[in-house]
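There are 2 protein chains.
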Amino acid sequence: MKKDRSRTNAPALSRRSLLIAAAGSAAASIGVLSGFAAGPGDRWDEEYDVVIVGSGFAGTSAAIEARKRGASVLVIEKMAVFGGNSAINGGAFAVAGSPLQARQGIKDSVEQMVEDMLKAGRGLNHVELLRVIAEGTRWAYEFTLEYGVQYKDVVLQFGGHSIPRTLQTTNNSGGGITVPLGKAARNMGVIFRNRTKLEQILQDSSGAVTGIVVREGHRFPDEDSGRLRRIRARSGLVMACGGFSSDVRFRTRQDPGMDNSLQSTNHAGATSEGLAALLRAGATPVQLDQIQLGPWASPDEKGFGMSPQFLQQAAFPYGIMVDIRTGKRFVNEMADRKTRSDAILKHKDEAGNPVYPVAFVAEEGTGESPSLGNALKYGVAHKFDTIEALAQFYGINREGLLAQVDRYNAFVKAGEDREFGKTFFKKITLEKGPFYAGRAWVKVHHCMGGVQINTKAQVIHMATGEPIPRLFASGEVTGGVHGASRLGSCAIADCLVMGRIAGENAAARKA
Amino acid sequence: MKKDRSRTNAPALSRRSLLIAAAGSAAASIGVLSGFAAGPGDRWDEEYDVVIVGSGFAGTSAAIEARKRGASVLVIEKMAVFGGNSAINGGAFAVAGSPLQARQGIKDSVEQMVEDMLKAGRGLNHVELLRVIAEGTRWAYEFTLEYGVQYKDVVLQFGGHSIPRTLQTTNNSGGGITVPLGKAARNMGVIFRNRTKLEQILQDSSGAVTGIVVREGHRFPDEDSGRLRRIRARSGLVMACGGFSSDVRFRTRQDPGMDNSLQSTNHAGATSEGLAALLRAGATPVQLDQIQLGPWASPDEKGFGMSPQFLQQAAFPYGIMVDIRTGKRFVNEMADRKTRSDAILKHKDEAGNPVYPVAFVAEEGTGESPSLGNALKYGVAHKFDTIEALAQFYGINREGLLAQVDRYNAFVKAGEDREFGKTFFKKITLEKGPFYAGRAWVKVHHCMGGVQINTKAQVIHMATGEPIPRLFASGEVTGGVHGASRLGSCAIADCLVMGRIAGENAAARKA
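Which chain is which? The protein sequence lines are A and B, in order.
Residue 1 is where the first sequence starts when you use the working numbering, and the numbers rise one by one after that.
Residue 1 is where the second sequence starts when you use the working numbering, and the numbers rise one by one after that.
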């Protein structure tokens with residue numbers, strides 16, 4: 001980690017906020033509806049230098065950095081299982097300028113990664129955060145190696161990235177990162193407590209965060225379950241509580257189309273109450289209606305499943321996706337996620353029911369997909385000896401498909417996709433079977449929006465535009481990094497880099 | 001106003017919030033950063049049944065409805081002048097099924113207005129609010145007549161509306177509504193207080209709103225100016241404090257492209273502190289990054305100016321807009337605002353500087369534009385005898401323009417725009433001069449996003465999904481009505497209808 005990010009400027013209170021604090025009169029105020037404030041005179045059930053809400057990529061990274069600086073650290077997790085959504089993601093991590101890229105002769109740079117993310121984000125990105133994150137990926141990668149994370153010896157090409165820059169854990173899961181980081185943190189003395197849900201952020205009369213109220217022994221999703229306890233955060237509170245993709249009530253207020261008819265890839269605990277607590281504490285909401293649909297999900301399984309790693313790492317880069325009614329492609333299969341999801345969602349019949357597109361690839365293109373075996377086993381993907389058999393099984397327009405395959409093969413051989421401009425990093429045609437195919441649809445996957453932070457991971461107050469003292473956030477609960485569309489494998493980048501910065505800065509005021 | 005909207009259900013507190021309120025411990029908490037709560041035991045400087053923040057369309061409508069029900073009512077306005085942004089808007093009001101439409105043989109319906117607004121809103125709209133608003137326009141129109149508002153005897157066709165349904169005040173200004181409504185409210189006994197800025201919303205331990213803290217004698221934009229005072233709202237608080245189009249800091253966090261390089265049509269007081277106070281009180285943010293650019297603004301004047309009423313009511317419906325480099329049209333001049341603004345914004349040179357399109361119309365098409373005289377006077381529009389002279393003045397590609405004009409004239413005569421599908425409600429060609437032309441660009445105009453309300457104008461708490469007791473909001477500070485793009489003349493519709501509902505329901509608990 002670079003030296004110039006290693007210090008937290010203690011944010012000064014504005015003249016204005018002090019003036020108001022001095023002028024107002026005090027009154028009792030408790031409860032989730034009304035605010036729940038604690039002054040220095042209140043009793044605490046426990047005290048730590050740093051308290052972290054959430055045990056995913058961002059939370060565990062923050063915990064290690066805070067502990068390394070000598071802080072006492074508590075990580076709370078509302079679910080029974082640690083790791084949050086991070087533990088069930090695909091373990092794909094975009095690193096700008098990794099040693100693996102160098103070894104394979106792939107030229108990359110921080111600037112190029114920023115440019116790719118800005119393009120996908122439609123310019124809504126907070127570019128100062130993007131730069132910090134892209135620059136930090138190289139160091140975050142080294143950080144994970146230090147704690148025993150293992151990556152496969154291949155650099156993957158993910159949609160919307162201009163070059164291959166994605167690494168993947170050997171177990172093809174984010175758990176390949178959260179588990180070793182969590183273990184390391186425990187060994188260093190970080191306390192992890194599950195079934196402990198944040199109820200409220202506490203602030204003193206100056207607005208500085210003093211601690212939190214939690215429900216211990218919480219049994220998700222029973223909101224009233226668990227015993228209320230007050231935990232002091234002497235130096236800093238890090239909110240690393242993730243997105244709200246599974247929160248149907250809140251997500252449909254942001255986008256009415258994201259109702260129960262759409263599944264989510266997320267675990268059930270990806271809800272909005274952490275974000276709500278941040279807003280009550282004065283945080284600035286940013287782009288909350290920018291909610292990502294994953295374009296590589298399958299209607300033939302629940303949750304994240306087997307499809308994303310098959311389509312994203314095989315059928316999309318090295319095969320094609322077609323409309324079954326015409327047999328024709330309809331989008332660059334390697335465009336950013338928003339472009340692809342918007343295109344996929346248009347495939348509906350006159351009654352509005354989905355007409356699932358089908359994506360497929362020749363065997364030669366399946367080498368990088370870790371989930372093909374299970375996808376076949378659970379009927380998410382199927383194997384065919386010929387294009388004709390594939391067309392018949394899925395009811396694809398046969399003539400249209402055969403003509404499309406011929407065109408596509410010619411493009412691959414010529415090295416130029418004259419239909420949709422896909423870059424062919426490997427010359428893999430659809431000439432020789434067997435072929436592997438699956439149906440594609442969208443699922444609610446990632447919340448680009450969240451609370452505003454600065455490059456020190458400080459949460460910015462909406463009314464003052466200044467940092468809220470001792471309040472930090474990182475990962476999916478923050479907004480502005482990814483703009484209108486996050487690129488695949490940039491969530492881990494975001495969470496690890498900003499999580500480390502948050503942990504470091506949250507520990508700065510430790511006693 | 002329909003009977004079924006005339007009652008406020010007193011929103012019950014959830015079991016959960018009461019449980020939390022009972023379990024927590026109390027503590028002092030003051031100041032804008034930390035929450036500023038008041039219990040029943042605190043002293044108030046003044047007391048009213050209903051307090052209303054903002055004196056525009058929504059605020060004055062709410063004041064009248066509350067006062068009609070016997071409530072004592074205070075309206076506060078932070079600026080020196082009453083009326084807010086409403087007073088400087090164009091006075092155009094979409095009414096579904098007005099007597100003027102009937103007289104002119106125009107068939108309209110609530111359903112058709114809802115459909116038009118949904119299409120422009122890209123389906124992001126909260127459709128239950130849309131229906132209430134479209135249905136309420138007819139009654140809101142009668143309401144304004146009752147208090148002396150005067151409309152011109154013509155029904156206008158505005159972009160994105162499938163038929164002519166827009167009425168306009170005789171003085172071509174929203175002041176034609178806010179002034180008579182404000183006068184009527186005063187006569188009824190409503191107190192109006194200017195230079196009085198909301199500082200904080202106060203809630204009791206159950207979360208119910210009890211009143212507000214204000215700065216009296218405030219001198220905008222000096223945030224620290226004015227004396228702090230506590231005003232009780234016994235029955236209800238109505239937040240009718242408008243949008244944040246002039247708040248460059250906050251709007252650029254939602255969309256970095258909306259920086260100082262873009263002007264706003266709004267007055268300087270259109271800032272976000274009212275929205276911030278609502279979020280601190282637990283309100284649910286909705287679609288805050290949906291910020292509208294007006295596609296009919298001029299780079300040749302500041303603020304709202306003369307251009308919108310010239311382009312929107314003359315050049316766009318009855319003429320064409322062209323790229324000066326080609327002389328060609330590039331968008332349906334009567335599409336919704338987002339479609340047009342997105343298209344206009346693409347006109348930049350290689351260095352990123354605007355290449356302003358030019359819009360023009362023959363004299364025959366200028367009859368409905370109230371601002372042409374002043375637009376000519378201030379150099380925002382210019383008059384030309386021939387297309388050639390117009391092309392020369394603006395540096396438009398001459399051959400391209402002449403060919404475009406010929407094509408357009410043929411479309412008008414055939415009754416079908418085969419280039420962009422514009423509907424020709426009148427057959428006005430570009431054959432006979434003189435012609436009137438102006439340069440077009442975008443300005444930040446309206447915030448579609450805001451806080452979530454229900455059809456009773458109750459503000460919805462983010463954590464519970466239930467109404468926050470005694471807290472109401474209406475108009476531009478609310479979100480979800482207009483989705484991704486508000487149709488022209490639907491702001492007055494929104495503000496008057498939901499303002500009336502808010503005022504009525506806010507008065508329901510008066511002593």
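Hints were generated in silico from the structure; no laboratory data involved.
Check before you lean on any hint, since a few could be wrong.
The list treats identical chains as interchangeable, and a pair is accepted whether it falls inside one copy or across any two copies.
Derived lysine to any residue pairs resembling SDA-like cross-links, with alpha carbons at most 25 Å apart [what the hints assert, rightly or not]:
1. Lys413 - Met79
2. Lys302 - Asn260
3. Lys183 - Ile324
4. Lys377 - Ala102
5. Lys346 - Gln112
6. Lys119 - Leu345
7. Lys328 - Gly189
8. Lys302 - Lys377
9. Lys152 - Phe425
10. Lys346 - Phe420
11. Lys413 - Ser109
Do the hints match the structure? See the list:
no.	hint	in the structure
1	Lys413 - Met79	neither (51 Å within a copy, 68 Å between copies)
2	Lys302 - Asn260	within (13 Å within a copy, 46 Å between copies)
3	Lys183 - Ile324	neither (47 Å within a copy, 64 Å between copies)
4	Lys377 - Ala102	neither (36 Å within a copy, 65 Å between copies)
5	Lys346 - Gln112	between (31 Å within a copy, 24 Å between copies)
6	Lys119 - Leu345	both (21 Å within a copy, 17 Å between copies)
7	Lys328 - Gly189	neither (57 Å within a copy, 69 Å between copies)
8	Lys302 - Lys377	within (15 Å within a copy, 65 Å between copies)
9	Lys152 - Phe425	within (19 Å within a copy, 65 Å between copies)
10	Lys346 - Phe420	both (17 Å within a copy, 22 Å between copies)
11	Lys413 - Ser109	neither (29 Å within a copy, 57 Å between copies)
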